[in-house]
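The listed protein sequences derive, respectively, from chains A and B.
Residues 1 to 335 in this note's numbering are what the first sequence spells out, letter by letter.
Residues 1 to 69 in this note's numbering are what the second sequence spells out, letter by letter.
By construction, these hints were calculated from the structure, which means they are not laboratory data.
There could be a bad hint or two in this list.
If you want the footprint, here are the derived chain A segments under chain B, 3+ residues with CB under 8 angstroms [stated by the list, open to error]:
id, segment
1, 85–97
2, 306–320
Some chain A residues near chain B, calculated using beta-carbon distances under 7 angstroms [stated by the list, open to error]:
id, residue
3, ASN21
4, LEU293
5, ALA325
6, ARG329
7, TYR331
Ideal Cβ positions, reconstructed from N, Cα and C, are used throughout, including at glycine.
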Amino acid sequence: MQKSAESNHAAPFDVKKFMSNNAIIILIVLLAILTGCTTKNFFTTTNFKNLVVNVAPRFIIACGVSGCLITKGTDLSAGRAVGLAACLSAMMLQSVDYAARMFPWMPDIPWPVALVIVMIIMGAFGAVNGIVISVLKVPPFIATLGMQTIIYGLCSLITNNQPMGGYKKSYLTVASGSVGPIPYLMIFAVIVGLYFLFLYNKTRHGKYMYAIGGNENAAQVAGVNVRASLVRIYILAGCMYALAGFLVGAKAGGASTATGQGYELEAIAACTIGGVSANGGVGRVGGILVGVLVFEILKICLQFLRVDPAYTYIAQGLVIVIAVALDLRKYLQKK
Amino acid sequence: MKEELDDRTVLDEEGTQPHGQTQPVSALDGIYERLPDISVKSLDRFILLCVIALVAVVVIGVLRANHII
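Using the sequences and the accompanying hints, generate a full structural model.
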């Protein structure tokens, strides 16, 4: 009886609250419907496949960045790390009979081995980020900004600023291939998504991460090894950039020092849109996916509507501002 | 209790932990607490303004793409 009385008193569906919490998503869905109604080929399988293929690497990067954001950090080196990973993959996976091969002496390496090597290298960069932030207490913004420039310099050095191509077929198939109608890239993204879902919700690491983001001092007092957790988060982020770079390289069919430029801001923006709070301690994998999708659908819609890319950048900027304002609104309401 | 609270305030102000260990300072750490007092109402107005601006940008972009303006 009491239960039924309680359920009667349950808050009714608040349309205003729902609209304000999901304003960006509603706007983007409306834009997609408008684009679909006014242009040809928008609601097609090919376009959906393009969307999935574009979203996959960005989602992987955003998953990597999300851990840093949840712990009140950030990772500005993400984009350049993706570029370096793409270049390293390119070096190892150029076709043996390609005339302009960067390292002619390099043996033929299977792509899974190359992927593991790239992940180890980028994981090491992530570890350096994590150690600088957690042990040397350098603010994440500055530490990762420095790492961004260092990685770019290293990338320029090892590639001699030369774009690379001539990949072997097996590597290109990673991006272009599919199992039935499902592209391999989507499979990679789904595996990463499920892994992060498990990691964030079912493991001690996930609980520690949210605890650090909520209140670092309290987490430390409660027995959380903050340093080790932060280093693990940045290593994992580095590995995700490696995977994303590997996939971006395969998708583009080439790599250069410009690969991945600006991806970090897109990833941070997608996380913010997806509900990862700039105040730390909050963020879900589903939200991150929604954030990446919103950003990508906005771009695709404006491309279909033949809008000048300059307007697209302005629209993207406004979407980020709205997302942060909505996050701040939630914080103020809780306060 | 009061003493404990005072200690914590000093700790927060100085950004240090006991034993002289420096507290990690993030650019985002307490970002919302550091903002001046804002009411939800004024924030709602700002969000509405941004949404109008977003719609305007898209509309202008589409109109210019179709050479209407």
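Results for each hint:
{"no.": "1", "hint": "85–97", "result": "violated (count 0)"}
{"no.": "2", "hint": "306–320", "result": "holds (count 9)"}
{"no.": "3", "hint": "ASN21", "result": "11 angstroms, violated"}
{"no.": "4", "hint": "LEU293", "result": "17 angstroms, violated"}
{"no.": "5", "hint": "ALA325", "result": "5 angstroms, holds"}
{"no.": "6", "hint": "ARG329", "result": "5 angstroms, holds"}
{"no.": "7", "hint": "TYR331", "result": "5 angstroms, holds"}
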